[in-house]
Amino acid sequence: MDDQAANIVVATRTALDQASALAVQYGFSLLGAIILLIGGWLLAGVISRSAYRVISRIRGIDETLASFFQNVLHYSLLILVFITVLGQFGVQTASIIAALGAAGLAIGLALQGTLQNIAAGIMLLILRPFRVGEYIETTNVKGYIKEIGLFATEMRTADGLYLMAPNSTLWNTPILNHSREPDRRQQLSVAMGEKIDIDLARETILDILKADQRIKAAPAPKVYLDDLSADQAVLDVEYWTVTSSWSDVRHDVVSKLKARLAEPDITIKTAAGVGGSDE
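Residue numbers (full-length UniProt numbering): 1 to 279.
Treat the hints with caution; some may be incorrect.
Simulated restraints on C-beta separations [as the list claims (entries may be wrong)]:
no.: 1; residue 1: Ser50; residue 2: His251; range: 50 to 56 Å
no.: 2; residue 1: His251; residue 2: Arg202; range: 17 to 23 Å
no.: 3; residue 1: His251; residue 2: Leu176; range: 20 to 26 Å
no.: 4; residue 1: Gly87; residue 2: Arg131; range: 43 to 49 Å
no.: 5; residue 1: Arg53; residue 2: Asp236; range: 50 to 56 Å
no.: 6; residue 1: Leu225; residue 2: Arg185; range: 15 to 21 Å
no.: 7; residue 1: Asp199; residue 2: Arg131; range: 42 to 48 Å
no.: 8; residue 1: Thr157; residue 2: Leu42; range: 33 to 39 Å
no.: 9; residue 1: Ile38; residue 2: Pro182; range: 53 to 59 Å
no.: 10; residue 1: Ala211; residue 2: Ser50; range: 55 to 61 Å
no.: 11; residue 1: Val242; residue 2: Ser67; range: 30 to 36 Å
no.: 12; residue 1: His251; residue 2: Arg57; range: 42 to 48 Å
Quick caveat, the hints were computed from the structure, so don't treat them as lab data.
Note that beta-carbon positions come from the ideal geometry of N, C-alpha and C, so glycine has one too.
I would like the entire structure built from these sequences, with the hints used as guidance.
Structure representation (C-alpha cells):
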C-alpha cells in the first residue's frame with residue numbers, strides 16, 4: 001500500500017515537472033509570439049506608410065495607385081508576420097505557404113476578368129493616356145473623365161449621362177484624347193455655286209479668320225480650292241486654335257461665314273474625319 005502511494009506521488013511530481021517545463025517552454029513561445037505579432041503589426045504599418053510617401057512623390061503616380069501599393073505591401077507583411085508567429089509554435093509553414101499559393105491561384109482563375117481590370121487600371125494610372133477632366137473617345141465609349149479607379153473608369157458623356165467603363169476595355173483599344181494637346185486644328189468645307197467669285201470668297205474667309213483673336217497666327221489659316229465640279233466649287237478652310245475653345249471658335253466661325261457669304265447656294269460643313277466629335 002505504501003509502495004502504491006509512493007508511486008502515485010512520484011508520478012504526480014513527474015507530471016507536474018513536465019507540465020511546468022511545458023508551461024515555461026510554451027509560455028516563452030507564447031510571449032515571443034505576442035511580441036512578434038505586435039512588433040510585426042507596427043512595423044508593417046510603418047513600412048507601408050513610408051512606402052506610400054516614397055511612391056506618392058514619384059512623378060506620374062496617382063494617389064489611387066500609391067494607396068493600392070501601400071495596401072498590398074501592408075497586407076503582404078502581415079501575412080509574413082502571421083506565418084512567422086505560427087513557426088514559433090512548431091507549425092510547418094511550408095504547407096501553409098503552399099496552401100496560400102494554391103488558394104491564390106484558384107482565386108486568380110475565378111476573378112480573371114477582375115484582375116484584368118486591375119492590371120489595366122494600374123497601367124492607365126502609370127502611363128496616363130488620359131486624366132480627370134479630359135475628353136476621350138474610343139471605339140466603344142466617349143466622354144469626360146470623372147474618376148480613374150483600379151477596376152473601372154467613371155465618365156460623363158457630352159449630354160450629361162453617367163458612364164462607367166471597365167478598365168480592360170479602355171486599355172485594349174486605341175484612345176483618342178481630345179483635350180491633351182494645347183492646340184487643335186479645325187477644318188471646314190465651304191461649298192459654293194458656280195456663280196460665286198472664288199477669289200473674293202477666299203479673301204473674305206481669310207479676313208474673318210484673321211480678325212478672330214482666338215485663331216492662331218502660326219500656323220497661319222489656310223483657304224484653298226479642294227474640289228471643282230460643273231455645279232459647285234468647294235473651298236477647304238483650315239485654322240488652329242486653343243483646344244479649350246475649339247468648339248466655341250468653330251460655332252462662331254461658321255456663323256460669321258454664313259453671315260458674310262450671304263448666298264443661298266453656299267453650304268458650310270465640318271470636314272469628315274478631321275474635326276472629330278463636338279464635345
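Right, here's what the structure says about each hint:
1. Between Ser50 and His251 the C-beta distance comes to about 52 Å, which sits within the given range of 50 to 56 Å.
2. Distance hint check for His251 and Arg202: the Cβ-Cβ separation is about 22 Å, which falls inside the suggested range of 17 to 23 Å.
3. Our hint of 20 to 26 Å for His251 and Leu176 holds, since their Cβ atoms are close to 21 Å apart.
4. Remark: the range hint 43 to 49 Å for Gly87 to Arg131 is upheld by a beta-carbon distance near 46 Å.
5. Our hint of 50 to 56 Å for Arg53 and Asp236 holds, since their Cβ atoms are close to 54 Å apart.
6. Separated by about 19 Å at the C-beta atoms, Leu225 and Arg185 satisfy the suggested range of 15 to 21 Å.
7. Distance hint for Asp199 and Arg131: a CB-CB separation of about 46 Å, consistent with the stated range 42 to 48 Å.
8. Roughly 48 Å separates the CB atoms of Thr157 and Leu42, a value that falls outside the hinted 33 to 39 Å.
9. Separated by about 54 Å at the C-beta atoms, Ile38 and Pro182 satisfy the suggested range of 53 to 59 Å.
10. As the Cβ distance of Ala211 to Ser50 is approximately 59 Å, the hint placing it in 55 to 61 Å holds.
11. With their beta carbons about 35 Å apart, Val242 and Ser67 fall inside the hinted range of 30 to 36 Å.
12. Remark: the range hint 42 to 48 Å for His251 to Arg57 is upheld by a beta-carbon distance near 43 Å.
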